[in-house]
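2 protein chains.
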Amino acid sequence: MPVTIELHKTITASNDADARALREELSRKGILLVNLMSSPGSGKTTLLSRTIRDLPEISIAVLEADIDSDVDAGRIERLGARALQLHTDGMCHVDAGMTARGLEVLGEEGSDIVFLENVGNLICPAEFDTGAHKNVMLLSVPEGDDKPLKYPLMFRKSDALLITKTDALPFFTFDTEAAVRRARRLNPDIRIFCVSAKTGEGMADWEEWLLSCMN
Amino acid sequence: MPVTIELHKTITASNDADARALREELSRKGILLVNLMSSPGSGKTTLLSRTIRDLPEISIAVLEADIDSDVDAGRIERLGARALQLHTDGMCHVDAGMTARGLEVLGEEGSDIVFLENVGNLICPAEFDTGAHKNVMLLSVPEGDDKPLKYPLMFRKSDALLITKTDALPFFTFDTEAAVRRARRLNPDIRIFCVSAKTGEGMADWEEWLLSCMN
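So the protein sequences, as listed, match chains A and B. Here our numbering is used: the first residue of the first sequence is -17, the next is one more, and so on. Here our numbering is used: the first residue of the second sequence is -17, the next is one more, and so on.
So here's chain A without its partners, still in its complex pose (with noise of 0.2 Å):
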């Protein structure tokens, strides 16, 4: 059974100041923080865990945050990772008050990567910095490449763009090249890397990238 703790809305209205003093923190303690975004169902544990048994060298821990269960941080537990389970309160997102108790309680230290599973939502995650250094969505196949016309908030915040399930590409109609191009649109710099966690497509590119974010 995974460790799960309650949290509560931050009292607090300097969320970015409390993001920004979280951010230097662990930069000085040398451990990268990514914020992963999506829709529910996206596919967000599935590529954390494959994510973890690509990379056995590299120590990573995992706060899973979610409105209610423990599913996905018994999912991260069985790979033999370090995972806590957020409840959020109902709360549609996460701020870097409540991501800052997740990681005192997790206990970070040791750890190279700490990711930070957000509520499954495109819209509200990308209104609150957490802290993190990078913040990463994912956008799965059968959601459909209109997306980032809908939710184009989510796509200006993020680092990386993860277009996952490609595996189902034959079974839906989705235009890859349409999906980048909507998304380049509103953030020219997004990295952009399409993936299927299930058949391995892909997970190499976005590893490197993620590798190359801890310098």
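One should not assume that every hint holds.
One copy or two, it doesn't matter: identical chains are merged, so the pair holds either way.
[Claimed, not checked] For lysine to any residue, the following SDA-like pairs were computed, each having C-alpha atoms within a straight-line distance of at most 20 Å:
{"hint": "1", "residue 1": "Lys11", "residue 2": "Asp36"}
{"hint": "2", "residue 1": "Lys139", "residue 2": "Met185"}
{"hint": "3", "residue 1": "Lys11", "residue 2": "Glu86"}
{"hint": "4", "residue 1": "Lys180", "residue 2": "Phe153"}
{"hint": "5", "residue 1": "Lys139", "residue 2": "Gly184"}
{"hint": "6", "residue 1": "Lys11", "residue 2": "Arg173"}
{"hint": "7", "residue 1": "Lys139", "residue 2": "Ser51"}
Because the hints were derived from the structure by calculation, they are not lab data.
Once you have looked at the hints, place chain B on chain A.
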């Protein structure tokens, strides 16, 4: 080009009272308002398109709520149905005041059914009564059968659950029985339909239920 209106948060603390008043007004006019909710990319617009084509004898109009773009209203208009695009000013949900404003601009008179396609979000829309007579949620097969565990409020608040994209069942690990059991544990009265708007599977049962709600 579909008509688009820009909405702003209703300045009232009495959303529940506004919602009740709107619901009663629509009942007096003999109009059924259905609030459609789901994650981004679960197939709300595709379901609506198929439903409109399957029920030519019913006058259906659609309010399409999105943070940005008018792609969904455009899709509905091309079917010959009336549609209005609502832009939510970045907001993650629609409330009763926004719905009433949309209906006013749309001109709902003469419609049998008005669908409100809510913002793609499995969390926040469940917290706001829009004035709809029925709340209907979609869970698509690619999202996974664990969603009731993670987003319980949406399942509790919905009168009906449509498990969509059932044509994709052979390509994904989705335990329909587990999803149904988990949904019913949260909401024993929820009506559940398994549908594929692509193949038409299950659409007749959903449409029969929809028509029964008109009385």
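Against the structure, the hints come out as follows:
1. Lys11 with Asp36: Classified as neither: same-chain Cα gap 24 Å, cross-chain 61 Å, threshold 20 Å.
2. Lys139 with Met185: neither (22 Å within a copy, 38 Å between copies)
3. Lys11 with Glu86: within (13 Å within a copy, 57 Å between copies)
4. Lys180 with Phe153: Both: 15 Å inside a copy, 11 Å across copies.
5. Lys139 with Gly184: Intra 22 Å, inter 39 Å, cutoff 20 Å: neither.
6. Lys11 with Arg173: Result: close neither inside a copy nor across copies, 26 Å intra and 52 Å inter.
7. Lys139 with Ser51: between (28 Å within a copy, 18 Å between copies)
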